[in-house]
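Chains A and B, in that order, give the protein sequences. Each residue of the first sequence is one higher than the last, beginning at 1 in UniProt numbering. Each residue of the second sequence is one higher than the last, beginning at 1 in UniProt numbering.
Hint data in this document are derived by calculation from the structure and do not stem from the laboratory. Any given hint could turn out to be false.
Which copy is meant is left open, so a pair is good if it fits within one copy or across any two.
Unchecked claim - Taking lysine to aspartate or glutamate pairs in the EDC-like style, the calculated list, with each CA pair at most 20 angstroms apart, reads: (1) K58 to E33; (2) K11 to E82; (3) K41 to D64; (4) K11 to D65; (5) K20 to D64.
There are 2 protein chains.
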Amino acid sequence: MPTIVVDVMPKAELLDPQGKAVSGALSRLGVSEFSSVRIGKRFELTVEGEVGEDVLAKAREIADDILSNSVIEDVVGIEVVE
Amino acid sequence: MPTIVVDVMPKAELLDPQGKAVSGALSRLGVSEFSSVRIGKRFELTVEGEVGEDVLAKAREIADDILSNSVIEDVVGIEVVE
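Let the sequences and hints guide you as you build the complete structure.
In structure tokens, the structure reads:
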């Protein structure tokens with residue numbers, strides 16, 4: 001069954017305390033390869049049947065209105081897999 | 001600067017209460033295009049400089065050991081962007 005993947009990340013200009021915590025943990029553990037970590041959400045929406053233009057439009061609509069909070073988050077990607 | 005994106009999803013055989021809640025909200029709002037919703041995490045690791053094989057190997061290691069909980073989650077993707 002096709003799946004639509006929606007990626008949501010905290011806006012670049014906002015602090016991301018979860019990401020900061022992971023970043024701090026990495027450096028305490030001696031991992032120095034990564035200069036920063038940001039953590040967002042990945043939604044997998046399962047579609048029964050075909051993914052037509054109407055279904056994709058609906059996915060874009062709920063990504064902006066329901067799955068993300070546009071005050072603090074950006075929808076960074078919507079793609080169909082399988 | 002290159003970024004390594006790590007995608008982590010709850011294991012398929014586990015309930016995903018967050019996803020279930022969103023799925024229920026969608027159907028209450030009259031959105032019927034999507035039969036199920038699962039919610040995972042998307043990590044963006046910023047790398048200073050080149051992403052060589054060693055950096056990717058380290059990313060895979062922390063994805064399995066630190067960024068995900070292998071009891072309940074799967075790492076579903078690791079890719080370099082930019």
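Each hint tested on the structure:
Proximity of K58 and E33 under a CA criterion of 20 angstroms is satisfied inter-copy only: 8 angstroms between copies versus 39 angstroms inside one chain copy. Taking the shortest Cα distances, K11 and E82 sit within 20 angstroms of each other only across copies (18 angstroms), while inside one copy they are farther apart (29 angstroms). Taking the shortest alpha-carbon separations for K41 and D64, both the intra-copy value of 13 angstroms and the inter-copy value of 18 angstroms come in at or below 20 angstroms. Within a single copy, K11 and D65 get their C-alpha atoms as close as 16 angstroms, which meets the 20 angstroms cut-off; across copies the closest is 27 angstroms, which misses it.
For a Cα distance limit of 20 angstroms, the shortest separation of K20 from D64 across copies, 19 angstroms, qualifies, whereas the shortest one inside one copy, 25 angstroms, does not.
Against the hints set out earlier in the document, no violation occurs for any number.
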